[in-house]
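Protein chains: 2
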Amino acid sequence: MKNFFRVLVGLLAFQAVLAKDPPTAAPVLSPGQDLTSLVNPFIGTSKMGHVFPGATAPFGMVQLSPQTNWEVMFKADGSYNRETYEYCAGYQYRDTTLIGFAHTNFSGTGHSDLGDFLVMPTTGELVLDPLQGDDGSRGFYSTFSHEQESASPGYYQVDLQRYGIRAELTASERVGFHQYTFPASREAHIILDLVYNVYHHDNKNVWTFIRVENDSLVTGYRQTKGWARTRTVYFAMKFSKPFHSYGHKKYNAETYNGFYRRFKETENFPEMAGKDLRAYFNFRTREGERIKIKFALSPVSTAGALKNLEAEIPHWDFDRTRRETRAKWQETLSRIEVETLSDADKRTFYSAFYHASLSPVLYEDVDGRYRGLDQNIYVSEGFTNYTIFSLWDTYRALHPLFNIIQPRRNNDMIKSMLAHQEQSVHHMLPIWSHYANENWCMIGYHATSVIADAMVKNVGDFDREKALQAAVITANVPYFDGLGEYLQYRYVPDDLSHSAVSKTLEYAYDDWCIAQMAALTGNRSVEGEFLQRSQYFRNVYDPALGFMRPRLSDGSFRKDFDPMDTHGQGFIEGNAWNYGLYVPQDIEGMVEMMGGKKRLTARLDSLFTMDIADKYIEKHEDITRDGIIGNYVHGNEPGHHIPYLYNWTGHPEKTQERVRMILATMYGPTVDGLCGNDDAGQMSAWYIFSSLGFYPVTPGAPDYALGSPLVKKAIIHLENGADLTIIARGQSPENLYVKRVSLNGRELKGTTLAHGDIANGGELVFEMGDRPVGQSK
Amino acid sequence: MKNFFRVLVGLLAFQAVLAKDPPTAAPVLSPGQDLTSLVNPFIGTSKMGHVFPGATAPFGMVQLSPQTNWEVMFKADGSYNRETYEYCAGYQYRDTTLIGFAHTNFSGTGHSDLGDFLVMPTTGELVLDPLQGDDGSRGFYSTFSHEQESASPGYYQVDLQRYGIRAELTASERVGFHQYTFPASREAHIILDLVYNVYHHDNKNVWTFIRVENDSLVTGYRQTKGWARTRTVYFAMKFSKPFHSYGHKKYNAETYNGFYRRFKETENFPEMAGKDLRAYFNFRTREGERIKIKFALSPVSTAGALKNLEAEIPHWDFDRTRRETRAKWQETLSRIEVETLSDADKRTFYSAFYHASLSPVLYEDVDGRYRGLDQNIYVSEGFTNYTIFSLWDTYRALHPLFNIIQPRRNNDMIKSMLAHQEQSVHHMLPIWSHYANENWCMIGYHATSVIADAMVKNVGDFDREKALQAAVITANVPYFDGLGEYLQYRYVPDDLSHSAVSKTLEYAYDDWCIAQMAALTGNRSVEGEFLQRSQYFRNVYDPALGFMRPRLSDGSFRKDFDPMDTHGQGFIEGNAWNYGLYVPQDIEGMVEMMGGKKRLTARLDSLFTMDIADKYIEKHEDITRDGIIGNYVHGNEPGHHIPYLYNWTGHPEKTQERVRMILATMYGPTVDGLCGNDDAGQMSAWYIFSSLGFYPVTPGAPDYALGSPLVKKAIIHLENGADLTIIARGQSPENLYVKRVSLNGRELKGTTLAHGDIANGGELVFEMGDRPVGQSK
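Here the protein sequences come in this chain order: H and B.
At the far end of the first sequence sits residue 1871, using my numbering, and the numbering has no gaps.
At the far end of the second sequence sits residue 1871, using my numbering, and the numbering has no gaps.
Keep in mind that the hints were calculated from the coordinates and are not lab data.
Worth double-checking, as some hints may not be accurate.
Identical copies go unnamed one by one, so any copy, or any two together, can satisfy a pair.
[Stated by the list, open to error] Mimicking DSS-like on lysine-lysine, the simulated pairs with C-alpha atoms at most 25 Å apart in a straight line are:
| no. | residue 1 | residue 2 |
| --- | --- | --- |
| 1 | LYS1343 | LYS1369 |
| 2 | LYS1344 | LYS1369 |
| 3 | LYS1358 | LYS1344 |
| 4 | LYS1335 | LYS1369 |
| 5 | LYS1709 | LYS1653 |
| 6 | LYS1833 | LYS1843 |
| 7 | LYS1806 | LYS1344 |
| 8 | LYS1653 | LYS1560 |
| 9 | LYS1806 | LYS1748 |
| 10 | LYS1833 | LYS1560 |
| 11 | LYS1833 | LYS1343 |
| 12 | LYS1343 | LYS1843 |
| 13 | LYS1806 | LYS1653 |
Full structure from sequences and hints, please.
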């Protein structure tokens, strides 16, 4: 079954997909509609969305995207600007220059790495520094304008004004495909920059290696340290036209000749190695001549990269690859068809869906070989291996979304996590892992949530017993991030570990997930133990203050405490107002603990309406006023469930109001249409769920919380062949209240929707109205 | 057949080998004699021999040996001493302190690398710096004395006086086995130093990685730059006793926690990585308690190392491994049995034989997987892969010796070279290669000589056509070390490339070897082309001066020229007097060119008797007065054939005199018994051949030059089951002249011995006398 979809859609010409029946034989809302045309990859490329506009296949290993961060790299005094946080994906829409196209980029993350293998075509005198030479000379960067730039799923195009070169990019899963249209030039160059990385003030190189195998094939690797402690990416780079000469510049001192100078290493010498290398390949071009490059990646070896290159793109037909990848996107996006009130909503929806289909990414060669966490090479027997698990973000809605629309992939992702756990010297499931590395970013052990959610929704065929064992081991590593203290004190003491309240809350939730896994495998003793741990949230609640509050190892609450502040208050990426409401595993218990429904309703009302002083905003590095409603922060994850909490306080109509408000104000089909980091798809997954009228407030539980759909109609084509149709009767911007919900004709009582009831399709009907139920206008 | 001998001798208990019939059923000179007891691994460990005294199996991947270079590392002013050339193998006999035991060492090389994975047992307060801490504190080095030190093939033992620890080492092919006998201590440590390397003033680390898999198993790797451009060695380290705690110190700045400190990285945290690491493992020991360590290497992965560890030493019986490895040495050494005039000669002979059986070394895992020159992982189908090819040295006599006593290994070595050529981006056979790297040391492309010699002697089943092709490609790489100029000018012009005369001479000889390969494969056109090239030596001969002399690209000879000087005179590691006589492929032609037999005899007489001024000696970094007879330099390779040249000038008796003189004065059974670098066995191979009465003056030719045997009798047990018996009748120190030589009862006319005549065994009888033939006393 490996690569089943890839192969399938690869065989289908795009025209056939669009013009005739799409591969899903199910009912369609807009027969023949090209859903990819509704995606705008530039959405979120301004400010803090941290997404990239470049070319990639769904969940592909290659993210071939322009790197624009020239202007801000230098301060007025010529020094480097280290404020490069907003360049997590290498691109900011406001920029007017770019320095080339890199093959790996995170989508939407809040910290970065990658930017491997920057390729830049130039003409004229050879310049090898992207920004500025040591002598102050001008780098090879080019200006560009958005008028001469376009992007769609699997395709990116820009004109490099300085050189008169049109650059076009597409990609298969493992291969980036470049097409450069040159002017007539006797000095045309393709630069391969192995120094550059995202955050490139911060040289992460450990070692790089290039082999010029012949006059049109180059292989090599790049090994970096940084967020990934040691990451090696191999490549094979094939040119459509032989270069007539080549060379490189090495920025570190090592020579390569033994004692004596044996050869001129810098020019036409086919072996280059060192910490920092930039290579170039020279051509003579006719006016309008195209030079194409196929650039394959591998986690294993250059031989693996070459195999990937030859297996995925054996030809030089750029348009064919572009079509094939577009067809893969069509297949991916057509899993949900929607009818919306406005075109804008539809564009926002499909762009969110696109962003929710970028990562985790494939991390294995075409032969199934991949690099494990222990740096040994494995073959993915019985699954497809994935990497980039930003789990503190994505367990919330992205993996639950996969359980509906990509269950096979989610199964593979979980198997990848279990393989990670087996390869981990800590015997831990991934926390935040990428490229055979654990970077330990953020808190909790939320792989347990992803696994529990799949188990409770009966997704996948991964080994449940093994998964439970892996989760239990993970949840008992005493030296991990306050976990030993959590087990000892039954909360994480603020004086012993940072972000102690957030950790206590997240651990308690994850422990509840483990209890669910134990229950599903019939392990009563583990279930009991972890259910008990799941109640530890109570130990950081200060009933006197009415807030979750940092508590010291002596049992007392911390004295200086500002529930408005995000920093140093025992929370991380959220203040006590937001993060302090994080008890998804026992919302009823939390409501009661916090004084009952009425009091919590008032608290929530305040949250959404109170003023937040500028001083608190300034400290957020990854959110802006754009991502905030009152003191509610949508631009970061800890509050993503909060709008739905009104369901538990007896005010579902307020959930409906807030959800619709967030859908309308925090997202949009514009370059600044993401109010915070997309966080590997979590922000977009929130949009998709909420647009459809429900949300997984408690991953690991079998139910969704009902909200207020934005769509008029949606059909979800499930992998089991069934369709779930969602209809919002009387939908309009004003009719945001849900009067009645029925599933297959039966009214749903309460505010939840059971996964089991929709897993085999059916019809979910929302009847919308312009006022809350029971209220008259 | 892979590892046939290893398996065979592993099965035979050592007692059986010694007490009963040895595995060769052939006649023996000294039935039951333990030949390993005749080897003194300390021979050559003083001054410039550059050999190591540690534990290793024949041609084994592990060379586990003490590293002693403490005293000289600091100058009086506290700065590092960079004069560490004499520490190529990590050990100098004069030293009285050592800093631990490293797992890889070159034997006898003239430049160095390696010294991987220094292990040191200590007691008392933990000290992690070997020499001196940043604060000036004393390092963990210990004093030792030669009275409390011993070594024999496969075994090394020393008492660490500072700690009261007895250290014992043995090794299988891929696994080092340590046995440390501790005093009672509550603070016993095993230090694993990943910073150290041979030449350790010169930090070569690129990256290192350690995983503490459990309380007695550690894995990881070390990646270095330096002589090998990028070399990675993986390890698995198993302790016989669990450590109770552990930790490490990282000397580079990188932290490993993402943004936040997640854990205390330095203590009991099982994952360590960075450029420079030293780890430690803590124990409590009883008086006399032994802690053993099995330390396996792999060129492929930690998984490979672990596999090697478990396959080769599945037990904890140190003495068993010691016995098994000793049996392997007995098997290796018993391939030649000798009777000598003195015990000293016998010890010198077997120690030379030992040194000639250390490298090239095995370079593959037990499953046949190895790292290729392109850094991809290969499986050695149909051969065993070897590395460490110091070919400028070893093509002269070591590989020819293998063609007699280790033809199967030599076949594997040639196949390894051919694999290297296939993996080379230059498509070149190895020049000086080690650990999946080409270090380009020295000149020529002498793999062609090794291959031609095997072909002409009908050794091995490697693909002859492929070998010829590989050689022809190698000999035509225009950017290689003056080769393009050599082809253009028919000599290497002195103004265009350094060491131009030496290169011209070596290339011409190698070209002759390629012509032999072509002849043997019936390729007349290649034969003709390369025979022509083989005469290019004539183009650097200055008939006016009577010397080979640097020639400029304008055709003129260089004006300033000192034939006595080694440096900057167009030669390398030899002056014109020595290196200028290097035309092994056409000695008759050379004699004629240089004025005939009489004139050359006089020239040779002068060479061996003239004075050489101190100023010329001082410039030699790797030879001393000890290695010189007159102006003849035996301590370096370019002259190794010279004593035999008298055979071509009509004075074989002078060959006999000089050979016996060199055998007697340049070698001996003492720590300074090597007069120059052993050069991976070449110096020792010269001794073995010359002791047996013949020498391969022209590798690639089917004949040996006859000399004067040192042995009274020798039996060479050939791999084909036949025996070659050599008898020197009337042998004595005075009877150094050969009166008559007969093979199987038939007198040999002339001064050569055909390989074909001894390849199937037989009896070679030298009749010795005290005066040259035809001369009366």
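Consistency of the hints with the structure:
1. For a Cα distance limit of 25 Å, the shortest separation of LYS1343 from LYS1369 qualifies both inside one copy, at 11 Å, and across copies, at 24 Å.
2. In this assembly of identical chains, LYS1344 and LYS1369 lie within 25 Å of each other by CA distance both inside one copy and across copies; the values are 8 Å within and 20 Å between.
3. Taking the shortest alpha-carbon separations for LYS1358 and LYS1344, only the intra-copy value of 13 Å comes in at or below 25 Å, while the best inter-copy value is 37 Å.
4. In this assembly of identical chains, the alpha carbons of LYS1335 and LYS1369 never lie at most 25 Å apart, being 28 Å within a copy and 40 Å across copies at closest.
5. In the homo-oligomer, the alpha carbons of LYS1709 and LYS1653 lie at most 25 Å apart inside one protomer (21 Å), although the nearest pairing across protomers, at 81 Å, exceeds that limit.
6. Taking the shortest Cα distances, LYS1833 and LYS1843 sit within 25 Å of each other inside one copy (11 Å), while across copies they are farther apart (117 Å).
7. Taking the closest pair of Cα atoms, LYS1806 and LYS1344 never come within 25 Å of each other, the shortest separation being 59 Å inside a single copy and 60 Å across copies.
8. When the C-alpha separation of LYS1653 and LYS1560 is checked against a cutoff of 25 Å, the pair qualifies neither within a copy, at 44 Å, nor between copies, at 81 Å.
9. Taking the shortest alpha-carbon separations for LYS1806 and LYS1748, only the intra-copy value of 20 Å comes in at or below 25 Å, while the best inter-copy value is 107 Å.
10. Taking identical chains as interchangeable, the C-alpha atoms of LYS1833 and LYS1560 are never at most 25 Å apart, the minima being 44 Å within one chain and 82 Å between chains.
11. When the C-alpha separation of LYS1833 and LYS1343 is checked against a cutoff of 25 Å, the pair qualifies neither within a copy, at 68 Å, nor between copies, at 65 Å.
12. Proximity of LYS1343 to LYS1843 under the C-alpha cut-off of 25 Å is found in neither arrangement, the shortest distances being 70 Å within a copy and 62 Å between copies.
13. In this homomeric assembly, LYS1806 and LYS1653 never come within 25 Å of each other (Cα to Cα): the closest approach is 51 Å inside a single copy and 95 Å across copies.
Figure legend: structure checked against the earlier numbered hints; hints not met, in rising order: 4, 7, 8, 10, 11, 12 and 13.
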